[in-house]
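Place chain X on chain D using the hints.
One-letter residues, chain by chain:
Protein chains: 2
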Amino acid sequence: MLVNGKKCDLISIRDRGLLYGDGVFRTIRASQGHALHWPLHYLKLQHDCFVLGITCPNFVLLSDELRSLLSAQSECVIKLIVTRGSGTRGYAPNILEEPTRIWDVFSHPKYPMDWAANGVKVRWCQLRLSHQPRFAGIKHLNRLENVLAAAESGDEDIAEGLLMDVMGNVIEGVRSNLFLVSQGRLITPDLSNCGVAGVQRERVMAWASENGIPVQVRSFLPDDVMEADEVFLVNSVIGVWPVRELEQRRWELFPISTRVREYLSKQDSR
Amino acid sequence: MLVNGKKCDLISIRDRGLLYGDGVFRTIRASQGHALHWPLHYLKLQHDCFVLGITCPNFVLLSDELRSLLSAQSECVIKLIVTRGSGTRGYAPNILEEPTRIWDVFSHPKYPMDWAANGVKVRWCQLRLSHQPRFAGIKHLNRLENVLAAAESGDEDIAEGLLMDVMGNVIEGVRSNLFLVSQGRLITPDLSNCGVAGVQRERVMAWASENGIPVQVRSFLPDDVMEADEVFLVNSVIGVWPVRELEQRRWELFPISTRVREYLSKQDSR
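In order, the protein sequence lines correspond to chains D and X. So for the first sequence, the working numbering puts the first residue at 43; every next one is plus one. So for the second sequence, the working numbering puts the first residue at 43; every next one is plus one.
For the record, the hints were derived by calculation from the structure and aren't laboratory data. What you were told as hints is all true, and nothing was included just to trick you.
Identical copies go unnamed one by one, so any copy, or any two together, can satisfy a pair.
Here are the simulated DSBU-like pairs of lysine-lysine, each with C-alpha atoms no more than 35 Å apart in a straight line:
1. Lys49 - Lys181
2. Lys121 - Lys181
3. Lys48 - Lys181
4. Lys121 - Lys48
5. Lys49 - Lys121
Same shape as in the complex, but just chain D (with noise of 0.2 Å):
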């Protein structure tokens, strides 16, 4: 772990990614000594950072951090935060304040082996996600929906839930974002209202569109999830996760679910 490039577990009570959840955040694996997409996920910080009007780290500075993390453990889940920093009381952000870098390295999580091949057992979640196009697309760490829609279910069989917005659009998975395959087609979930915009989400979009395959990004409901040829959920620890189950819907075919795995898991290993 790393505070401000300080070997450190803690930060100040003061920190408004604590008081307020002022911050951003990255979910990166690391194979080989080898933060995979690293630039790519920089460019997402980068991104989230000046839509909330965080000054964002240079580059180099958290690419050396990087470095050092994983000169002490190859093979790893790394989490790192941006905050605000810490100030004076009140909401109203201080331009004094110098944003907080905090990394964390975890041990990748032991998920059972033939989820990725033979796909997984997905539900519904009741919570609804609000609309806030302010902030929609941002990975921030205002998450307190995630939270409550990740504690609705309790079966340990259920690799994921699928959250709808307050009008009952399906919007992305809890800690995923999510993929329609219909008649030859890719849609995924317009995500201008709510939601988090994923680096995995756009490698995919540019994978089809490398490969002539139409993508829609756009609104859908759950009938449309039903009715699909085949669903797939992405994220950067997971990979790619074909849906086998939902509610009474099974799917046994994944071909396109498997192609973007292939290819996904080929580039990462290069």
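Same frame as chain D, but now just chain X:
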């Protein structure tokens, strides 16, 4: 400062308060070594913890910690944060997590002397509050909306920003609750979709009902604010501020706001 009963101003970078804003807080004014309305604050804390499924630390334990803080500083503003604790990676709460208790102490902020008596200038915020009925009214740590709303204005003459929701309903001040006085009634926004229901809001409503003044809790629009006979703001630190100026509108007489202020401050000094 106290963290889990120890003199300390640091918390773990794995605390869910930082990671997800997964916690609640209270801001309490202390005068002459006495935390004003502490039992009322505790009831709210307990309610808010319950809604989020956080185990609320018990009253005796928190009261003891509060007493030890006040023995060192008798005139101050106290912030109490309770988070779900620090645990394993992932959004899902873990039943083994122990809540984290964080106390911080600040000196009374110095506001211009005449704001309480002669009223304050306020503005409309651009940012609109999202609807999340699952934790509307709760004083939780997901406060990015308040941060961005506070960041909109750098004008020190403006004491507070007024927030609307996504539907255009008036909800609250950035750090205060709002009341209108209209035809002898008090009107305060319905907070079932967004906003924070503060302790002072409850005290004002209790005062009104004791004094035979009708109170309406309902949705209303900016026009209703502009047409109100009086508008006033409350929170535990400021007490009561009548509104003197909002865009082109001026208010000069504050008979009800003054009665409310005198009642609350008299009760405070008992």
